[in-house]
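Here the protein sequences line up with chains A and B, keeping their order. For the first sequence, this note's numbering assigns the number 1 to the initial residue and increments by one for each residue that follows. For the second sequence, this note's numbering assigns the number 1 to the initial residue and increments by one for each residue that follows.
Simulated from the structure, these hints should not be mistaken for lab results. Mixed in with the good hints, there may be bad ones.
[Stated by the list, open to error] Covered stretches of chain A, as calculated for chain B (at least 3 residues, CB under 8 Å):
{"no.": "1", "region": "75–85"}
{"no.": "2", "region": "274–281"}
[Claimed, not checked] Using C-beta positions, here's what the derived DEER-type ranges look like:
{"no.": "3", "chain 1": "B", "residue 1": "E394", "chain 2": "A", "residue 2": "P258", "range": "30 to 40 Å"}
{"no.": "4", "chain 1": "B", "residue 1": "Q383", "chain 2": "A", "residue 2": "T219", "range": "48 to 58 Å"}
{"no.": "5", "chain 1": "A", "residue 1": "A261", "chain 2": "B", "residue 2": "S43", "range": "37 to 47 Å"}
{"no.": "6", "chain 1": "B", "residue 1": "S43", "chain 2": "A", "residue 2": "K262", "range": "39 to 49 Å"}
{"no.": "7", "chain 1": "B", "residue 1": "S96", "chain 2": "A", "residue 2": "R107", "range": "49 to 59 Å"}
Positions of the beta carbon are idealized from the N, C-alpha and C atoms, including for glycine.
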Amino acid sequence: MVNIADYAGGQPAWCPGCGNFAILNAMKKALVDLALEPHKVLMVSGIGQAGKLPHYTKGNVLNVLHGRTLPAAAGAKIANPGLTVIAVGGDGDGYGEGGNHFLHSVRRNHDITYLVHNNQVYALTKGQASPTSDVGFVSKTTPHGASTMLNSLAVAIAAGGTFVARGFSGDPDHLAELIKSGIRHRGFALIEVLQPCVSFNHRNTNAWYKERAYKLEGTSHQAGDRFAAMQKSQEWGDRIPIGVLYRQERPTFEDEFPVLAKGPLVKQAMDPAQVSALLDEFM
Amino acid sequence: MAVDINIMVGGEAGQGVQAAGFIIAKALARYGLSVFADQDYESRVRGGHNFFRIRAGDGKVGAISEEVDILLALDQLSVDLHKGEVSSDGVIIFDSDKTNVGPGKRALGLPLERTAIETAKNKQSANTVALGAAMAVIGYDVAALKSVVLDYFGTGESGPANADAAARGYEASRAGSRWGIAKQASPASAQKRMMLNGNEAIAVGALAAGCKFVSAYPMTPSTTIMEYMAGKADELGIVVVQPEDEISAINMIIGAAYAGVRSMTATSGGGFCLMVEGLGLAGMTETPIVVLNAQRAGPAIGLPTRTEQGDLLFALHASHGDFPRVVLAPANVEDAFWLTVKAFNLADEYQVPVIVLTDQYLASSYATAEGFDLSKVQIKRGQLLSEGDPSKPEHYKRYEITASGISPRAFPMQSAAPVVADSDEHNEEGHMIEDAETRAAMMMKRQRKLEGLKKEISGPRTHGPPQADITLVGWGSTLGALREVVDTAAQHGLSVNLVHFAEIWPFPTEAANMALRGARRTFAVEGNPTAQFARVLRTEMGHQVSGAILKFDGRPLTPAYILAQLRKEVA
Numbered sequence: 001m002v003n004i005a006d007y008a009g010g011q012p013a014w015c016p017g018c019g020n021f022a023i024l025n026a027m028k029k030a031l032v033d034l035a036l037e038p039h040k041v042l043m044v045s046g047i048g049q050a051g052k053l054p055h056y057t058k059g060n061v062l063n064v065l066h067g068r069t070l071p072a073a074a075g076a077k078i079a080n081p082g083l084t085v086i087a088v089g090g091d092g093d094g095y096g097e098g099g100n101h102f103l104h105s106v107r108r109n110h111d112i113t114y115l116v117h118n119n120q121v122y123a124l125t126k127g128q129a130s131p132t133s134d135v136g137f138v139s140k141t142t143p144h145g146a147s148t149m150l151n152s153l154a155v156a157i158a159a160g161g162t163f164v165a166r167g168f169s170g171d172p173d174h175l176a177e178l179i180k181s182g183i184r185h186r187g188f189a190l191i192e193v194l195q196p197c198v199s200f201n202h203r204n205t206n207a208w209y210k211e212r213a214y215k216l217e218g219t220s221h222q223a224g225d226r227f228a229a230m231q232k233s234q235e236w237g238d239r240i241p242i243g244v245l246y247r248q249e250r251p252t253f254e255d256e257f258p259v260l261a262k263g264p265l266v267k268q269a270m271d272p273a274q275v276s277a278l279l280d281e282f283m
Numbered sequence: 001m002a003v004d005i006n007i008m009v010g011g012e013a014g015q016g017v018q019a020a021g022f023i024i025a026k027a028l029a030r031y032g033l034s035v036f037a038d039q040d041y042e043s044r045v046r047g048g049h050n051f052f053r054i055r056a057g058d059g060k061v062g063a064i065s066e067e068v069d070i071l072l073a074l075d076q077l078s079v080d081l082h083k084g085e086v087s088s089d090g091v092i093i094f095d096s097d098k099t100n101v102g103p104g105k106r107a108l109g110l111p112l113e114r115t116a117i118e119t120a121k122n123k124q125s126a127n128t129v130a131l132g133a134a135m136a137v138i139g140y141d142v143a144a145l146k147s148v149v150l151d152y153f154g155t156g157e158s159g160p161a162n163a164d165a166a167a168r169g170y171e172a173s174r175a176g177s178r179w180g181i182a183k184q185a186s187p188a189s190a191q192k193r194m195m196l197n198g199n200e201a202i203a204v205g206a207l208a209a210g211c212k213f214v215s216a217y218p219m220t221p222s223t224t225i226m227e228y229m230a231g232k233a234d235e236l237g238i239v240v241v242q243p244e245d246e247i248s249a250i251n252m253i254i255g256a257a258y259a260g261v262r263s264m265t266a267t268s269g270g271g272f273c274l275m276v277e278g279l280g281l282a283g284m285t286e287t288p289i290v291v292l293n294a295q296r297a298g299p300a301i302g303l304p305t306r307t308e309q310g311d312l313l314f315a316l317h318a319s320h321g322d323f324p325r326v327v328l329a330p331a332n333v334e335d336a337f338w339l340t341v342k343a344f345n346l347a348d349e350y351q352v353p354v355i356v357l358t359d360q361y362l363a364s365s366y367a368t369a370e371g372f373d374l375s376k377v378q379i380k381r382g383q384l385l386s387e388g389d390p391s392k393p394e395h396y397k398r399y400e401i402t403a404s405g406i407s408p409r410a411f412p413m414q415s416a417a418p419v420v421a422d423s424d425e426h427n428e429e430g431h432m433i434e435d436a437e438t439r440a441a442m443m444m445k446r447q448r449k450l451e452g453l454k455k456e457i458s459g460p461r462t463h464g465p466p467q468a469d470i471t472l473v474g475w476g477s478t479l480g481a482l483r484e485v486v487d488t489a490a491q492h493g494l495s496v497n498l499v500h501f502a503e504i505w506p507f508p509t510e511a512a513n514m515a516l517r518g519a520r521r522t523f524a525v526e527g528n529p530t531a532q533f534a535r536v537l538r539t540e541m542g543h544q545v546s547g548a549i550l551k552f553d554g555r556p557l558t559p560a561y562i563l564a565q566l567r568k569e570v571a
């Protein structure tokens, strides 16, 4: 029996009122609901305020470099597919520094869950524009305003994503359900989470998101329809959809390797004599 | 050496220069000769000019000769470019229908393409016809050549057809039996030997060492390592991934190694540049990884298919901040195998990144080798929290401070203990910290690993007389050429010995001091313009070399070149 106390961790160093608290709680709730024990969960995180999250709970942690969460998470998953691997990072980490990894991890469909805390700003470095900042967002590094924002969900659908979702830190129960669905999904589950940055983003505030966010559940949206999903991904303005935009089943990256069907790599024997036949081929 | 045969196959990319060179090298190896062969190719798929040089002898052959006994010219350009390298009793074998050799050298013209079409129904087999002719010139029978041809082309249609082509070339050449070369001799033994190149030796070494995960991005001259391993992956139970870039490659292997699997990546200098950040991550998180850098001529794109020893100081210093690392530079294919095994062991035992530095010359040169005794391959994983150990889980500290600096490793899901690894400075539990005291303690813990590591590093090899007027100092792939210089120096009135390093970092200061004590004049011999290793000697042991013989034109250091430069230096 797993309970919330099993996921108790260190004291967060986030600002009071930060959306990260709700995301952390939603994640803990999801893990408890799925009865996953902490030692079977691996959280791989990047750098930024979001990247600190694994330190504030319990489980295996690999806190890596800015933007490099996904390759490290993929490597760990291939080595031991028995691990529930959750990658965590912010918008700058995942879509800026890690953009290339994002594109190709989605395409390869590694069986991992990726939480992108999207506050549309670089917070840890104190307030610069991010790839998802609203057009015209003025910061110290973008005095003339930010350029067009990256539509990350549209990119994920186009890149062959199999689970593309958006949550909101202001609705933690809904978010916990999304995280559960993402973990259960066989394949790459992208869950972007809208969250306010109380210190550096005074434009996209909690109230701003709350006014606009509406749930796809209960609407006529068909998550299995790629074109409908692409259309939904274009909605950003007076109304912003949250929930699962797109979902599809296809073989995971790990499914491509017959050796992994025999059990985790980490459990397989290492025997130098195995290469004896290879040496003969050089004769 | 009583037997010392030098063959060059030259032609355009796409004419089968590589195949022909490989086949005749292997055929000579099957006669019991020691063989060394290097490849010179351009960064293109068709056309241009490539050549493959083979040297075979009855002693240990470790380098290429600049003089050619048999030139197999598959096109006119090969004659024009290399005629001058053919020895006085050497022979040029060429296509009499297409190529003009001119006066000055002995030349054996045969209708190579016509014969290929008659026998193998394919003009592409002209190279095989030429190989048959070469065997006759050497004075051997054609049996070994035919057996290698069959192995190479398979037993379908093309194997026997090419064997016929080889036999026709052989007969045609024997018809004019006056073509023998002076160096011909009967084979030393008929014992089978391995023949493989540096990349193959690295790949097999990694597989023997239990490497289960490879993530690498294609980059000449390293690519054949991942290709070879991918080809064997299902058979050996490993996973090989080609990710989006080298940054992803190194971060993937860090993830896999963290999860408990022996992991490596392979690249060349430009890719290694992209991996530098990840190298520091492995250093900080104390994750064991093996990074192979097959050096090519830099900087930037440089000469993609050509050799250089230009990344030494870069490998020693790559990434910001201080952390212990190991740098190994194999001297030949045997080293490539054994030092790869050692790389995996040191990585695991000391939880550090290990860099294996080869170069295009070693990577793509073939050499015969005595078999690798697999019973001597030890897999040493270092201190691990034992499987499922119930005594510790709740207070497991990934970065426990110890006298050796090594904290016992645990893998995720090995026990109920969560494993916390962090790129931020961290406490013993692996959680990020900011305080000065913990930072200093952790830095010292990591640095302490160097003390143990230093004892693991073997000192330099020495060769030649204990006392000599000149001591050559080299590292990495130059060993074969340098040994030959030492062995032939006396003929040129020079007294020369050698100190050669294959295990470079942590620098084996004591052993290096012993080896260089009493040296009168030292010359660094290196494939870079700034004598990078000489700088290491200066900083690590205060040794100032008397001079340097350097080459940085993308071509390998040959015995003839080194000797010529040395004679100029001491004249």
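How the hints compare with the structure:
no.: 1; hint: 75–85; result: holds (count 8)
no.: 2; hint: 274–281; result: holds (count 5)
no.: 3; hint: B:E394 x A:P258: 30 to 40 Å; result: 38 Å, holds
no.: 4; hint: B:Q383 x A:T219: 48 to 58 Å; result: 56 Å, holds
no.: 5; hint: A:A261 x B:S43: 37 to 47 Å; result: 40 Å, holds
no.: 6; hint: B:S43 x A:K262: 39 to 49 Å; result: 40 Å, holds
no.: 7; hint: B:S96 x A:R107: 49 to 59 Å; result: 55 Å, holds
The earlier numbered hints are all upheld by this structure, with none contradicted.
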